[in-house]
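With these hints in hand, go ahead and build the complete structure from the sequences.
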Amino acid sequence: METIGFIGLGNMGAPMAGRLQDAGYALVVHDARAAAAAAFVVRGARAVDTPAAVASAARTIITIVPSSREVRAVFEGPQGLLSSLASGALCIEMTTADPAATRELAPKVEARGAHLIDAPVSGGVRGATEGTLAIMVGGPEALLDRARPILERMGRNVFHAGPIGSGHAIKLVNNVCSGGILALTIEAVAVAAKAGLDPQRAVEIIQASSGRSNASDYKFPKFILNGAFDAGFAIRLMLKDVDGYARLAQESGVPSLMGRAVTEIYRMAVARGMGELDHTAVARLIEEWAGIELRSKPGEPA
Amino acid sequence: MTRIGFIGVGTMGLPMAANLVKKGFTVTAYDLNREALKAATAAGMTAAATASEAVVGADIVVTMLPSSPHVEAVYGGDGGVISSARAGTLCIDMSTVDPAVSRRVAGAAAERGLRFVDAPVSGGTPRAIDGTLAIMVGASLEDFQAARPALEAMGANVIHVGPVGSGEVAKLCNNLIAGVAAVAVSEAFRIAEGFGVDPRVVTQVISKSSGNTWVMENMHPVAGLVPKAASTNSYAPGFMTDLMCKDIGLAVDAARNLRIPLFVAPAAQQVYRLASSHGLGRKDFTSVYTFLSPSAGTAPV
Numbered sequence: 083m084e085t086i087g088f089i090g091l092g093n094m095g096a097p098m099a100g101r102l103q104d105a106g107y108a109l110v111v112h113d114a115r116a117a118a119a120a121a122f123v124v125r126g127a128r129a130v131d132t133p134a135a136v137a138s139a140a141r142t143i144i145t146i147v148p149s150s151r152e153v154r155a156v157f158e159g160p161q162g163l164l165s166s167l168a169s170g171a172l173c174i175e176m177t178t179a180d181p182a183a184t185r186e187l188a189p190k191v192e193a194r195g196a197h198l199i200d201a202p203v204s205g206g207v208r209g210a211t212e213g214t215l216a217i218m219v220g221g222p223e224a225l226l227d228r229a230r231p232i233l234e235r236m237g238r239n240v241f242h243a244g245p246i247g248s249g250h251a252i253k254l255v256n257n258v259c260s261g262g263i264l265a266l267t268i269e270a271v272a273v274a275a276k277a278g279l280d281p282q283r284a285v286e287i288i289q290a291s292s293g294r295s296n297a298s299d300y301k302f303p304k305f306i307l308n309g310a311f312d313a314g315f316a317i318r319l320m321l322k323d324v325d326g327y328a329r330l331a332q333e334s335g336v337p338s339l340m341g342r343a344v345t346e347i348y349r350m351a352v353a354r355g356m357g358e359l360d361h362t363a364v365a366r367l368i369e370e371w372a373g374i375e376l377r378s379k380p381g382e383p384a
Numbered sequence: 022m023t024r025i026g027f028i029g030v031g032t033m034g035l036p037m038a039a040n041l042v043k044k045g046f047t048v049t050a051y052d053l054n055r056e057a058l059k060a061a062t063a064a065g066m067t068a069a070a071t072a073s074e075a076v077v078g079a080d081i082v083v084t085m086l087p088s089s090p091h092v093e094a095v096y097g098g099d100g101g102v103i104s105s106a107r108a109g110t111l112c113i114d115m116s117t118v119d120p121a122v123s124r125r126v127a128g129a130a131a132e133r134g135l136r137f138v139d140a141p142v143s144g145g146t147p148r149a150i151d152g153t154l155a156i157m158v159g160a161s162l163e164d165f166q167a168a169r170p171a172l173e174a175m176g177a178n179v180i181h182v183g184p185v186g187s188g189e190v191a192k193l194c195n196n197l198i199a200g201v202a203a204v205a206v207s208e209a210f211r212i213a214e215g216f217g218v219d220p221r222v223v224t225q226v227i228s229k230s231s232g233n234t235w236v237m238e239n240m241h242p243v244a245g246l247v248p249k250a251a252s253t254n255s256y257a258p259g260f261m262t263d264l265m266c267k268d269i270g271l272a273v274d275a276a277r278n279l280r281i282p283l284f285v286a287p288a289a290q291q292v293y294r295l296a297s298s299h300g301l302g303r304k305d306f307t308s309v310y311t312f313l314s315p316s317a318g319t320a321p322v
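Just so you know, the protein sequences line up as chains A and B, in that order. Per our numbering, residue 83 is the first one in the first sequence, and the count goes up by one each step. Per our numbering, residue 22 is the first one in the second sequence, and the count goes up by one each step.
Hint data in this document are derived by calculation from the structure and do not stem from the laboratory. Check before you lean on any hint, since a few could be wrong.
To be verified - Capping the alpha-carbon separation at 16 Å, the derived lysine to aspartate or glutamate pairs in EDC-like fashion look like this:
hint : chain 1 : residue 1 : chain 2 : residue 2
1    : B       : Lys44     : B       : Glu208
2    : B       : Lys267    : A       : Glu333
3    : A       : Lys322    : A       : Glu152
4    : A       : Lys322    : B       : Asp274
5    : A       : Lys276    : A       : Glu375
6    : B       : Lys43     : B       : Glu173
Pasting the structure below:
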């Protein structure tokens, strides 16, 4: 089976790379923290010190790092991918990154005779571990066809989003929906609680009615009503994504009253020292404002 | 006689440069817009064919441009101010831009032995014509003193705020307040109007009360109350809605980089963006008042 280069073995990258290894792909891995590669080396992967060394060893290279800044460093920094990409190589950029930066990067990759698609993911650590991620791909369909067998090892729903950068765009769009609906549902449930409803009952009724969403269906019962706050995606990362969305809205000239409210709620949470908490813990901030706690009563199944 | 190269003789730049001419400065003007250059010639300036030609023999370079990318383009690159002006030339950028851009351009200018001052203005076209602009200056004390005679030809209140970039900081803080105030005044007067109360009397009351604001006194969004206000002249700018949107955007972006949560400024920014989507982008920003017109009396409440 072909060798895949994999750069970025963090919370998401490690389980994704693990699934490729399970499927029998040979991996050449790199992470800025050398220790992150150890578990993969034990299972037969080769660890290298630089992105350039990954590019020399593989014709298909996956990158999943914290943000566009790290993407730029991985591709364009000293010993970056661009310095050693083989002609015909395919780079699959899976970071939640800035679409404009991705569109700027593509011609630099093409200039090496290689190809770039953007393929960010949704589904969290659980989706990465179970191979059930949603993957949204920007770039020519022929390149997606080439990447598809690999992507299908990591995700259940692989979508062709559109041209280069559109995967990154729809990822930011999804996250502002996710973060915005969450914050709005928390606020609304607080209002319901103040109006005399048990928070859990309020969530159940919303879930059975037209206000239903991922927040009422999943995040409230699993992470908020029980006080667990462990969905695995930090508030500071949500802020990064909704800020990315706000930039996109600004560039595209679409008025963004709602989006701006969402960015500032998460920014407020970070300013209050909550940046490292799970994004569902934005409930704690809204609860504090409302002077109420939205927990299930003892004995109630969440 | 001090020779000034003036780049950007548009709505604001033209009257500012004309005041320099009136005070005895020799001004060579450059603008991408040929009509603007014609007007500059009519006002006693020499027209240059390129930015480089405008600055090559100048003691002082003044730039008055629409936004950060324009400033970076005019200063940087081949034929830009930095590569064309003589060492020792004092560059005064009076555009409203990101303070980080001022600092970046100042650094590049210093490498070529040029001096750089940021000196954005407040007061709009009427005060540009009268030569009574407020000018907020970011500069070393020495450069501030050197820039002062030219600045005082264009403005009545020339204030040294601090080092390079500080003028822009003061400016974006001011425009955040002015932009938010224009929305607030517009909303308040729509309510007064809805109750059928005479806006002239409400204006008199507020001008003596805690809600008084410069925007209401000088740029009243309701037509006919302040003779010099853009509203009285069918909202001809003045200061365009799209530029106000840009300026509040500078403040909002700066706040993001400083990790400060903002609620009212981003909302106001989006109100201007909405107004722009409704065809008011190139009208005066106080035309936001017209965007807030009520629905018909038969609409449900």
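Hey, B/Lys44 versus B/Glu208, does the alpha-carbon distance stay inside 16 Å?
-> Distance ~42 Å between B/Lys44 and B/Glu208 Cα, so the pair is violated.
Holds or violated: are the alpha carbons of B/Lys43 and B/Glu173 at most 16 Å from each other?
-> Given pair B/Lys43, B/Glu173 holds - Cα atoms ~12 Å apart, limit 16 Å.
Take the C-alpha atoms of B/Lys267 and A/Glu333, compute the straight-line distance between them, and say whether it is at most 16 Å.
-> 11 Å, holds
Given pair status - B/Asp274, A/Lys322, alpha carbons within 16 Å = Within the cut-off at roughly 13 Å; holds.
Does the structure keep A/Lys322 and A/Glu152 at a Cα separation of 16 Å or less?
-> This hinted pair holds, its Cα atoms lying about 14 Å apart.
Given pair status - A/Glu375, A/Lys276, alpha carbons within 16 Å | Between A/Lys276 and A/Glu375 the Cα gap is close to 10 Å, so the pair holds against 16 Å.
This entry does not satisfy hint 1, going by the numbered hints stated previously; all others are met.
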